[in-house]
Structure formats: C-alpha cells, structure tokens
Amino acid sequence: MIAGSTVLLLLDLIGTFAFALNGALTALRATRLDIVGVVTLGMITALGGGTIRDVLLDSLPPATFLDWRYLVVAATGGAIAFFLGRHLDRLNGPINVLDAVGLALFAVTGAGKAVQLGFGPAQSVIVGAITAVGGGTIRDVLIGRVPSVLSSGLYAIPALMGATAAVVAGVFGADGLTVSVGAAVLCFVVRMAGVRYDLNAPFPPAAPDPGPGDAG
Amino acid sequence: MIAGSTVLLLLDLIGTFAFALNGALTALRATRLDIVGVVTLGMITALGGGTIRDVLLDSLPPATFLDWRYLVVAATGGAIAFFLGRHLDRLNGPINVLDAVGLALFAVTGAGKAVQLGFGPAQSVIVGAITAVGGGTIRDVLIGRVPSVLSSGLYAIPALMGATAAVVAGVFGADGLTVSVGAAVLCFVVRMAGVRYDLNAPFPPAAPDPGPGDAG
Amino acid sequence: MIAGSTVLLLLDLIGTFAFALNGALTALRATRLDIVGVVTLGMITALGGGTIRDVLLDSLPPATFLDWRYLVVAATGGAIAFFLGRHLDRLNGPINVLDAVGLALFAVTGAGKAVQLGFGPAQSVIVGAITAVGGGTIRDVLIGRVPSVLSSGLYAIPALMGATAAVVAGVFGADGLTVSVGAAVLCFVVRMAGVRYDLNAPFPPAAPDPGPGDAG
Chain S
0 MIAGSTVLLL LDLIGTFAFA LNGALTALRA TRLDIVGVVT LGMITALGGG
50 TIRDVLLDSL PPATFLDWRY LVVAATGGAI AFFLGRHLDR LNGPINVLDA
100 VGLALFAVTG AGKAVQLGFG PAQSVIVGAI TAVGGGTIRD VLIGRVPSVL
150 SSGLYAIPAL MGATAAVVAG VFGADGLTVS VGAAVLCFVV RMAGVRYDLN
200 APFPPAAPDP GPGDAG
Chain U
0 MIAGSTVLLL LDLIGTFAFA LNGALTALRA TRLDIVGVVT LGMITALGGG
50 TIRDVLLDSL PPATFLDWRY LVVAATGGAI AFFLGRHLDR LNGPINVLDA
100 VGLALFAVTG AGKAVQLGFG PAQSVIVGAI TAVGGGTIRD VLIGRVPSVL
150 SSGLYAIPAL MGATAAVVAG VFGADGLTVS VGAAVLCFVV RMAGVRYDLN
200 APFPPAAPDP GPGDAG
Chain G
0 MIAGSTVLLL LDLIGTFAFA LNGALTALRA TRLDIVGVVT LGMITALGGG
50 TIRDVLLDSL PPATFLDWRY LVVAATGGAI AFFLGRHLDR LNGPINVLDA
100 VGLALFAVTG AGKAVQLGFG PAQSVIVGAI TAVGGGTIRD VLIGRVPSVL
150 SSGLYAIPAL MGATAAVVAG VFGADGLTVS VGAAVLCFVV RMAGVRYDLN
200 APFPPAAPDP GPGDAG
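So the protein lines, in turn, are chains S, U and G.
The letter at position 200 of the first sequence is residue 199 when you use numbering that gives the first Met the number 0, and the numbering goes up by one with no holes.
The letter at position 55 of the second sequence is residue 54 when you use numbering that gives the first Met the number 0, and the numbering goes up by one with no holes.
The letter at position 30 of the third sequence is residue 29 when you use numbering that gives the first Met the number 0, and the numbering goes up by one with no holes.
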C-alpha cells in the first residue's frame with residue numbers, strides 16, 4: 000500500500016512536469032501571454048485535471064494543491080517554458096512524447112486513486128480520463144480555443160484505454176506497480192500511434208470531414 | 000421522504016436524458032466534433048449543472064457522478080445524438096420541448112435537494128436555477144460561444160420561477176410530489192411561451208438592441 | 000479571533016460590492032447581455048474567486064454562497080451596473096480604483112482564510128491570488144475573452160504581493176487587523192501604480208511585444 004502510493008506519487012510528479020512544460024508551450028504558441036499567463040497556464044494544465052478528479056472523488060483539498068511538490072514541479076515546468084520557449088519550440092517531437100507520457104501517467108494514477116477510494120469501475124475509468132485531459136481542456140478554454148480533445152486526434156481514447164486496463168487488471172487482483180506500468184504503456188503506445196499516423200476518433204456519420212480551422 | 004426521493008430521482012433521470020440529447024445536438028450544430036466531443040458535451044450538458052449544485056451544497060461526490068444511472072442515461076443521450084444527429088436535426092420543435100422539460104425538472108429537483116439539505120430559500124432558488132442552466136453554460140463555453148442564457152431568450156427566468164415556486168410551496172408545507180410537478184409545469188409553460196413568442200429578458204436601459212452575432 | 004473574523008467579513012463585503020459593480024460593467028462593455036447576464040456576471044466576478052478558494056481549502060459550502068449578505072451585496076452591485084451602466088461608464092477612473100480595492104481586499108482575506116485554516120505559506124499565497132483574480136477570470140471566459148490577467152497589465156502580481164505580505168507578517172506573529180490593512184494597501188498601491196504608468200508583467204524573452212487585439 001505504501002509502496003504503491005509512493006510509486007503513484009513519483010509517476011504523478013513526472014506527469015505533472017511534462018504537462019506543465021507542454022501546456023505552457025502550447026499556450027505560448029497560441030496567444031500573447033506575460034510571465035503570469037505562461038506560468039499560470041502551465042500550472043493549470045498540470046494541476047487542473049487532478050483538481051477536477053479530487054472534486055469528483057470528494058478528496059478535497061486537492062492533492063495537487065496540498066502537496067508543495069506538485070506546486071513546485073508545475074511552476075518549474077511553466078517557468079522553463081517561459082524562459083526557454085523559443086528554443087524548446089523546435090523540439091516538437093520530444094514534446095509530443097513528453098505529453099503522451101503525462102497523459103498515460105495521469106490516466107493510470109487518476110483511475111488508481113478512484114479505485115483506492117472505493118469507487119466503481121465506470122467511475123474510476125471516467126475519473127482517470129478526466130485527470131488526463133482535464134488540465135489541457137481548461138487551458139484551451141482560457142486561451143480561447145475549442146479544446147482539441149473534443150474535436151480531433153486520438154487523445155481521450157488512449158486515456159480511456161489506459162484507465163480501463165488499470166481498473167480491469169485491478170479487479171482481477173493484479174499487482175499494483177506492474178499493472179500501472181503496463182496500463183500506462185498501453186495508453187502511451189496508442190497515443191503515439193495516433194500522433195504518428197494522424198489517427199482521429201470517428202466523426203458523426205455522413206458529416207463531411209472539414210479541414211482544421213472550422214472550430215469556434 | 001423515500002417516495003419523494005424516488006420521484007426526484009425519476010424526474011432527474013428524464014431531465015438528464017433530455018439535456019444530454021439536446022446538448023449534444025446543439026454542440027454538433029455549432030462546431031466540428033468527433034465522437035468523444037459529442038458524447039462528452041452531451042454528458043457535460045446533462046451532468047454539469049448537478050455537479051456545480053453538489054459543489055455548492057457540499058454534497059460531494061456529485062450524485063450525478065456517483066450513481067451509474069445518470070452516467071448511462073447521459074452517455075446514451077449523447078450517443079444517440081452522435082449516430083442520429085442528421086435526422087434529429089430536423090426535429091427542432093420536439094427538441095425544444097424536450098429541453099424545456101429538462102430545464103423545468105432540473106430547476107425543481109435542484110431546489111428541492113437544497114431544501115432537503117437545510118439550505119435557506121434564497122440559496123435553494125439560486126441552486127435550482129444553476130442546476131438547470133449550469134450544464135448548458137459549460138457546454139457553450141467549451142464550444143466557444145457566449146452562453147445564450149446570458150444574452151437572449153427566456154431561459155434562466157423560467158428556471159428561477161420554477162425553483163421559487165417549489166421553495167415557497169415547500170415553506171408552506173405543501174406536499175412534495177404535487178409541488179414538484181406544479182412548479183415544473185410553471186417553468187415549462189413560461190419557457191415554451193418564451194420560445195413561441197420569442198420573448199427576451201430585459202436589456203439594459205437605452206442600450207440599442209443589436210441583432211445576433213454581436214457577441215464575442 | 001472573533002474581531003479578526005468580523006474585520007475580514009467587512010473587508011470581504013466591500014470587495015464583493017466593488018467586484019460585482021466593476022465586473023458587470025466590464026461585461027456590459029464587452030458583449031450584448033440581458034439583465035440575467037449582467038447580474039449573473041457581476042455576481043460571478045464577485046463570488047467566483049471565493050468559491051474557487053473554498054473548493055481548494057475544502058471549506059464547502061462556499062462562504063460566499065452560504066452567507067446571504069454576500070449574495071445580496073453582489074446582486075446589488077450587478078443590478079446597479081445594469082440600470083446605471085450608461086452613466087457609470089464615464090467614471091473609468093473611480094471604477095479602476097474600486098476594482099483595485101476589491102483586488103487588494105480579496106487577496107488579503109483569501110490568504111488570511113487559508114492561514115486560519117492551517118494551510119502552508121505557499122498555499123495561502125496562491126489561494127489569496129486566486130481569490131482576487133478568479134472571479135474576473137471566469138467572467139472573461141464567459142464573455143469570450145482571453146482573461147486579461149494572463150496577458151497584460153499588473154494584476155496578479157500585486158495580488159501575489161499583498162497575499163505574501165499578509166502571510167509573511169502572520170508567520171512573524173503580527174497583529175491581524177494591522178497586517179491585513181497594511182498588506183491590502185501594498186497591493187492597492189502597486190496595482191494603481193501599474194494602471195497609472197501602464198506597467199506590464201514581463202513578456203517572454205525575445206518575443207515581440209505585439210499590440211493589443213492579438214489574443215484569441
């Protein structure tokens with residue numbers, strides 16, 4: 000139990016850094032922001048999903064707020080984006096990888112927390128996905144974009160798959176750490192395949208598939 | 000008490016389905032979405048108001064999240080919109096009726112929950128209205144629109160009237176079921192009259208009344 | 000303790016009125032709204048920051064919702080903006096002052112509440128700033144603007160300074176009322192200096208500083 004919690008914490012902090020850095024860079028590319036905006040949006044991307052998770056799980060105050068390690072890691076990621084954004088901007092590939100790592104870790108740790116608190120499988124899977132995509136959704140709303148998770152790409156679906164794998168394996172009594180890593184790898188691989196082969200979730204039947212820029 | 004709760008639950012589930020279907024169709028008309036976006040926005044429209052209600056009432060985890068029936072009903076409404084959206088789109092009239100049903104039921108059940116938990120009349124009325132309009136407001140923000148409840152039509156006002164009727168009657172000790180139905184009918188009738196006769200809430204004094212498309 | 004709470008309450012109500020009035024006027028200038036929209040956005044500007052604060056501090060139901068005085072004061076501010084908006088619109092100077100008063104009071108009372116509840120210094124400072132800027136951020140999102148706190152001006156930084164002063168002085172055992180007033184004055188002065196001399200928080204290094212209107 001303690002070991003499992005420690006591993007979940009470590010994975011969560013890695014995901015937090017990845018999301019803060021990538022979230023701040025995304026915001027920086029999309030609109031004009033000062034240092035408050037860049038760091039805030041990095042922190043919101045990193046901590047927002049966990050905050051919604053803890054509201055839904057009645058686990059307030061949010062772990063991401065109560066534990067100073069989350070705050071420091073998230074603020075550091077945002078500050079790095081602010082100071083080095085111009086240089087990091089060229090590293091699109093590694094940053095996509097980093098974001099997929101964050102997605103996978105948050106989906107699995109979010110679902111794991113719900114299971115630990117005694118929530119049902121459906122709720123745990125949903126909470127895992129919300130933990131993974133919630134922060135980026137709030138960031139997109141704040142910078143005036145329709146959240147990309149709603150309109151294109153393969154983003155929520157790998158998160159749902161990873162969360163489902165973690166929850167199902169947990170139901171069958173599989174060991175915590177192995178399951179967490181396996182489920183996160185599944186989510187990561189599906190996400191990266193989506194990026195690599197430009198996969199999308201299905202669009203409404205018989206609706207035309209317009210190009211980007213149609214939203215909003 | 001038990002009977003009243005059961006009736007509230009049933010009304011709530013009907014409202015949930017109505018809001019999920021109508022919310023997903025509205026989102027589908029407004030912007031480009033994949034299946035994740037359509038189902039998510041249907042679920043948010045249906046469950047978002049109740050979630051805000053339960054945060055304000057300190058009744059977490061949200062009932063709409065904890066109870067799998069809400070999740071299934073909301074997801075079903077969103078999925079129907081995704082698969083049949085093209086056909087349902089022509090049914091503007093019935094869908095407006097369905098939405099008014101959802102508005103009326105959520106206003107009354109939201110206010111009723113606040114009263115049951117011991118909140119004051121003003122808080123209960125406000126919570127009823129937020130339950131009714133909250134989900135659609137989040138959906139509109141996510142698809143990049145100024146929420147229509149803030150700018151035109153008669154939407155929040157019938158919700159406030161229905162919630163007020165339920166709360167006032169409850170203060171005078173009226174029977175739960177009769178009161179709920181009566182207050183919901185009041186809200187429904189005012190809302191449908193607003194749709195039929197194109198009524199608006201008052202605009203600021205001496206401000207011109209520009210056509211639509213001015214927002215944002 | 001009781002005296003400190005009373006002072007915090009009074010300051011909070013003054014800030015609530017200032018934010019409701021200014022928030023509703025800002026919304027009125029930015030987009031087309033009916034009476035529901037103006038009053039709602041005034042109330043959200045005034046009460047939204049405190050609601051986020053109380054979620055993060057696990058102090059639900061939110062004080063701003065539970066206490067009818069907040070609701071009445073906020074609704075009054077919004078209604079005054081609705082009926083007198085055309086006239087108040089010319090009073091840009093006094094309204095900026097009023098908003099700075101609200102910012103200062105909310106930053107200090109928000110941080111003070113976190114300290115009273117036993118939260119750490121970093122959390123208390125962050126919560127103070129969120130209390131101060133949260134309501135205006137939600138309002139901006141609802142009217143379709145990138146929140147100005149993220150992109151320009153000196154708004155979050157004086158809030159962070161005021162909250163920090165209040166928290167640091169509290170750590171050294173300074174008296175509640177004196178500290179609150181001193182910290183609020185600090186925040187107010189920095190904010191007004193920012194308005195007067197058109198100061199901005201730093202922009203990303205080597206990024207051009209485009210004119211306004213670039214956002215969104």
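What the hints contain is simulated information worked out from the structure, not anything from laboratory work.
A few of these clues could be false.
Sample of chain G residues with no beta-carbon within 12 angstroms of chain U, all distances over it, derived [unchecked claim]:
1. A23
2. T30
3. V71
4. G143
5. D197
Label-pair distances were calculated between CB atoms; the ranges are [claimed, not checked]:
6. G:L198 <-> U:F171: 55 to 61 angstroms
7. G:N95 <-> U:G181: 57 to 63 angstroms
8. S:R195 <-> U:V188: 41 to 47 angstroms
9. G:V180 <-> U:W67: 51 to 57 angstroms
10. S:T177 <-> U:V170: 37 to 43 angstroms
11. G:V180 <-> S:L8: 54 to 60 angstroms
12. U:N91 <-> S:L198: 52 to 58 angstroms
13. S:N91 <-> U:N95: 51 to 57 angstroms
14. S:T5 <-> U:V6: 43 to 49 angstroms
15. U:G181 <-> G:L8: 36 to 42 angstroms
16. U:H86 <-> G:I13: 51 to 57 angstroms
17. U:G119 <-> G:V188: 35 to 41 angstroms
18. U:G119 <-> S:W67: 33 to 39 angstroms
19. U:V170 <-> S:F82: 55 to 61 angstroms
If you only want the chain G side, here are some residues facing chain S, beta carbon under 7 angstroms, derived [claimed, not checked]:
20. P120
21. A121
22. A155
23. V194
24. Y196
25. L198
26. P201
Beta carbons are placed, not taken as given, at the ideal position from N, Cα and C, and that holds for glycine.
Outcome of the hint check:
1. The beta carbon of A23 (chain G) is not kept farther than 12 angstroms from every beta carbon of chain U, the shortest such distance being approximately 10 angstroms.
2. Under the 12 angstroms C-beta cut-off, the non-interface status given to T30 (chain G) relative to chain U is violated; the minimum distance is some 5 angstroms.
3. At roughly 8 angstroms from the closest C-beta of chain U, the C-beta of V71 (chain G) falls inside 12 angstroms, breaking its exclusion from the interface.
4. A beta-carbon of chain U is positioned within 12 angstroms of the beta-carbon of G143 (chain G); the least distance is around 4 angstroms.
5. With a minimum CB-CB distance of about 26 angstroms to chain U, D197 (chain G) clears the 12 angstroms threshold, and the non-interface call stands.
6. For L198 (chain G) and F171 (chain U), the Cβ-Cβ distance of about 58 angstroms falls inside the hinted range of 55 to 61 angstroms, so the restraint holds.
7. Taken as a hint, the range 57 to 63 angstroms is violated for the pair N95 (chain G) and G181 (chain U), whose Cβ atoms sit roughly 48 angstroms apart.
8. Against the hinted window of 41 to 47 angstroms, the Cβ-Cβ separation of R195 (chain S) and V188 (chain U) comes to about 56 angstroms, which falls outside the hint.
9. Separated by about 52 angstroms at the C-beta atoms, V180 (chain G) and W67 (chain U) satisfy the suggested range of 51 to 57 angstroms.
10. At roughly 58 angstroms, the beta-carbon separation of T177 (chain S) and V170 (chain U) lies outside the given 37 to 43 angstroms, and the hint is violated.
11. Taking 54 to 60 angstroms as the suggested C-beta distance range, the pair V180 (chain G) and L8 (chain S) does not conform, at roughly 41 angstroms.
12. Restraint check, N91 (chain U) to L198 (chain S): a C-beta distance of roughly 34 angstroms breaks the suggested window 52 to 58 angstroms.
13. Restraint check, N91 (chain S) to N95 (chain U): a C-beta distance of roughly 46 angstroms breaks the suggested window 51 to 57 angstroms.
14. For the pair T5 (chain S) and V6 (chain U), the beta carbons lie near 48 angstroms from each other, so the given range of 43 to 49 angstroms is met.
15. Hint check: G181 (chain U) to L8 (chain G), Cβ distance near 39 angstroms, so the stated range 36 to 42 angstroms holds.
16. Between H86 (chain U) and I13 (chain G) the C-beta distance comes to about 56 angstroms, which sits within the given range of 51 to 57 angstroms.
17. Against the hinted window of 35 to 41 angstroms, the Cβ-Cβ separation of G119 (chain U) and V188 (chain G) comes to about 39 angstroms, which satisfies the hint.
18. For the hinted restraint 33 to 39 angstroms between G119 (chain U) and W67 (chain S), the CB-CB distance of approximately 38 angstroms keeps it satisfied.
19. For the pair V170 (chain U) and F82 (chain S), the beta carbons lie near 59 angstroms from each other, so the given range of 55 to 61 angstroms is met.
20. Interface hint status for P120 (chain G): violated, as the beta-carbon distance to the closest one in chain S is roughly 9 angstroms, over 7 angstroms.
21. Annotation: interface hint on A121 (chain G) holds; nearest CB of chain S at approximately 6 angstroms, less than 7 angstroms.
22. Of the supplied interface hints, the one on A155 (chain G) holds, with its beta-carbon coming within about 5 angstroms of a beta-carbon of chain S, less than 7 angstroms.
23. Evaluation of the V194 (chain G) hint against chain S yields a violated restraint, the C-beta minimum of about 16 angstroms exceeding 7 angstroms.
24. Given the 7 angstroms rule on beta carbons, the hint for Y196 (chain G) is violated: about 16 angstroms separates it from the nearest Cβ of chain S.
25. A cut of 7 angstroms between beta carbons decides the hint on L198 (chain G): the least distance to chain S is about 11 angstroms, and the hint is violated.
26. Against a cut-off of 7 angstroms between C-beta atoms, the interface hint on P201 (chain G) holds, since the closest Cβ of chain S lies about 5 angstroms away.
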